[in-house]
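The listed protein sequences derive, respectively, from chains A and B. At position 80 of the first sequence (counting the first as 1) the number is 80 in full-length UniProt numbering, and the numbers step up by one without a gap. At position 104 of the second sequence (counting the first as 1) the number is 104 in full-length UniProt numbering, and the numbers step up by one without a gap.
In case anyone wonders, no lab produced these hints; they're calculated from the structure. On a predicted model such as this, the values are computed, not experimentally measured, just so you know. Yeah, the Cβ is synthetic: ideal placement off N, Cα and C, and Gly gets one too. Just so you know, not all the hints are guaranteed correct.
Stated by the list, open to error - Rough simulated footprint, nothing fancy, chain B against chain A, three-plus residues with beta-carbon under 8 Å:
1) 48-57
2) 62-75
3) 79-93
4) 98-105
Stated by the list, open to error - Stretch by stretch, here's where chain A covers chain B in the computed footprint (C-beta under 8 Å, at least three residues):
5) 65-72
6) 262-274
This is what each chain is made of:
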Amino acid sequence: MIEARNVTKRYGDALVVDDVTLRLPVGGITSIIGPNGAGKSTLLSMVSRVMPMSSGTVLVDGLDVRTTPGEVLARRLAILRQDNHLTSRLTVRELVTFGRYPHSKGRPTVQDREHVERAIHHMGLDALAERFLDELSGGQRQRAFVAMVLCQDTDYVLLDEPLNGLDLKHSVAMMKQLRTAADTLNKSIVMVLHDLNFASCYSDHLIAMRDGKVAFQGRPEEIMRPDVLRAVYDLDISIQRIDGDWIATHYR
Amino acid sequence: MSAERVAVARRPERTLFILGCVTIGCALLFLLVNAGGQWDFVLPFRGRKLATALLVGYAIAVSTVLFQTVSGNRVLTPAILGFDNLYVLIQTCLLYFLGSGKAASLDPRLLFGVEILIMVAFSAVLYWGLFGGGGRSLHLVLLTGVVLGVLFRSLASFLQRLIDPNEFIFLQDRFFASFNNPDQELLLVSFLLTLGVSIVGFRMLRTFDVLVLGREMSINLGVDHQRTAAIILVLVAILVSVSSALVGPVTFFGLLVSNLAHALVRTYRHALVLPAAALVAGVCLVAGQFILEQVFAFNTNPRVIIEFVGGLVFISMLMRKAPV
Numbered sequence: 001m002i003e004a005r006n007v008t009k010r011y012g013d014a015l016v017v018d019d020v021t022l023r024l025p026v027g028g029i030t031s032i033i034g035p036n037g038a039g040k041s042t043l044l045s046m047v048s049r050v051m052p053m054s055s056g057t058v059l060v061d062g063l064d065v066r067t068t069p070g071e072v073l074a075r076r077l078a079i080l081r082q083d084n085h086l087t088s089r090l091t092v093r094e095l096v097t098f099g100r101y102p103h104s105k106g107r108p109t110v111q112d113r114e115h116v117e118r119a120i121h122h123m124g125l126d127a128l129a130e131r132f133l134d135e136l137s138g139g140q141r142q143r144a145f146v147a148m149v150l151c152q153d154t155d156y157v158l159l160d161e162p163l164n165g166l167d168l169k170h171s172v173a174m175m176k177q178l179r180t181a182a183d184t185l186n187k188s189i190v191m192v193l194h195d196l197n198f199a200s201c202y203s204d205h206l207i208a209m210r211d212g213k214v215a216f217q218g219r220p221e222e223i224m225r226p227d228v229l230r231a232v233y234d235l236d237i238s239i240q241r242i243d244g245d246w247i248a249t250h251y252r
Numbered sequence: 001m002s003a004e005r006v007a008v009a010r011r012p013e014r015t016l017f018i019l020g021c022v023t024i025g026c027a028l029l030f031l032l033v034n035a036g037g038q039w040d041f042v043l044p045f046r047g048r049k050l051a052t053a054l055l056v057g058y059a060i061a062v063s064t065v066l067f068q069t070v071s072g073n074r075v076l077t078p079a080i081l082g083f084d085n086l087y088v089l090i091q092t093c094l095l096y097f098l099g100s101g102k103a104a105s106l107d108p109r110l111l112f113g114v115e116i117l118i119m120v121a122f123s124a125v126l127y128w129g130l131f132g133g134g135g136r137s138l139h140l141v142l143l144t145g146v147v148l149g150v151l152f153r154s155l156a157s158f159l160q161r162l163i164d165p166n167e168f169i170f171l172q173d174r175f176f177a178s179f180n181n182p183d184q185e186l187l188l189v190s191f192l193l194t195l196g197v198s199i200v201g202f203r204m205l206r207t208f209d210v211l212v213l214g215r216e217m218s219i220n221l222g223v224d225h226q227r228t229a230a231i232i233l234v235l236v237a238i239l240v241s242v243s244s245a246l247v248g249p250v251t252f253f254g255l256l257v258s259n260l261a262h263a264l265v266r267t268y269r270h271a272l273v274l275p276a277a278a279l280v281a282g283v284c285l286v287a288g289q290f291i292l293e294q295v296f297a298f299n300t301n302p303r304v305i306i307e308f309v310g311g312l313v314f315i316s317m318l319m320r321k322a323p324v
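Whole structure, please, built from the sequences with the hints as guidance.
Given below as structure tokens:
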């Protein structure tokens, strides 16, 4: 279980994440939603130790992320942030193989190779495996990075806006692949999403943030309500029930 | 055509082998051509020059590639950030405040040690600039480095003007040793230091590979990024001290060599990129020195040519894509 206690991030006088205490549910997909500047990505970065926190504690299966060796955490928790900039040319397979680094320290075994092939196949990248990343579209590259963190084979996978830059078809495919990963591989996936309806349709649990605090959390039907969303987004959002999903319409 | 390109890209080991052969060929040419029969004099004399050139090439190549890996940028090099000008400044200060008599009586190894300490301290400041406070603007760091480099050089040349001319000659001898009169003592110390750096680096080759993915990805994969970056900067500081001590500052050579090596082997793996860069540097320096001696009869300075070509590469890289 991932537990955040009184986690705070401050830049000078600005409080970006304000004393958040939170337990992330084990298993399934948890989506963090909220307006720009609510501190969603910052919270995710601090939980995954990529960004130091100003104060507070994060425990992953009881291990303090500030004191536990990085290699131990790397076998329990994986994070994918936005804007991954590479200085070298890598093929998709080389990138995905890096996901095995915490296990094999750069000397992949036969089992590691199997993990790599499974992750490539899972993300539908078989035909692209030998291509260089800079020859791929933004969406394909995004899938390659997701394949890499899945290949890391951790219980917890944290994703910062995995749908960024993906078109409708690939967004749906990505969410389905993540749903499969959560259901069949028993992973706990936590992600920041901007698209309310994707969050509502695919998540087991929603966390709504505003002004650096967790404003609401609960199952999609508890969060996808006009009064709750109004308090989060300052916007009148009507909710329709379509084919068993709670769909927000907020375009007018 | 595209398939052919991929085929070339996929075989970095072969490229490395060819590079190795070219290096050996250049070395033999350098040692044997126009020797005039006086082997007992020519071989050790040229051998020392050859060793200096190869060692300097290795130090510059490895320091640049590692520095670029840790800073995640192919335009930055330790030299562009003023590392080797600092070395010259340290040397000058030493002479200015101690005088040549005292400076010469100091143990050169101790001196080298102190210089390296100062270089490491400077790299710590730079480290803070590059990685402290989470991602500072690259342009700011680059600009700061360039300005500091000019400052160091100006300060050094100012002090050099104040020094007694006789002392100045002593100084010039120190850091413009060039390949023509390598100091044996210095060569040995440099070799041992470089060997030490290589042993430390060799054990971390696979960690260096992970750094290519950037700071956040490295942390995600369990690499202690802070510690690794600090180690790399110390290694870089030592290597820059070695190369500056042997031939003085060469601003753009590292940039040239590292980018050539990346273009030739096209892989992220340091186990291949580092040797390739070192071999490219060796070929450039040895072939350059050979042409200089045999064709131009010592009439040109190879550093002028290297700086000219390297400077053009630097400008074209900046023009082609502004670094992110």
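Status of the hints after comparison with the structure:
Restraint check on the region 48-57 of chain A versus chain B: 4 residues with Cβ-Cβ distances below 8 Å, three needed, restraint holds. For the region 62-75 of chain A, the stated coverage by chain B is satisfied: 7 residues place a CB nearer than 8 Å to a CB of that chain, which reaches the threshold of 3. Note: the region 79-93 of chain A has 10 residues with beta-carbon separation from chain B under 8 Å; the three-residue rule is met and the coverage holds. Under the rule that three or more residues need a Cβ within less than 8 Å of chain B, the assignment of the region 98-105 of chain A holds, with 5 such residues.
For a cut-off of 8 Å, the count of residues in the region 65-72 of chain B with a CB near a CB of chain A stands at 3, and the three-residue condition holds. Only residues whose beta carbon comes within less than 8 Å of a beta carbon in chain A count, and the region 262-274 of chain B has 4; three or more means the coverage holds.
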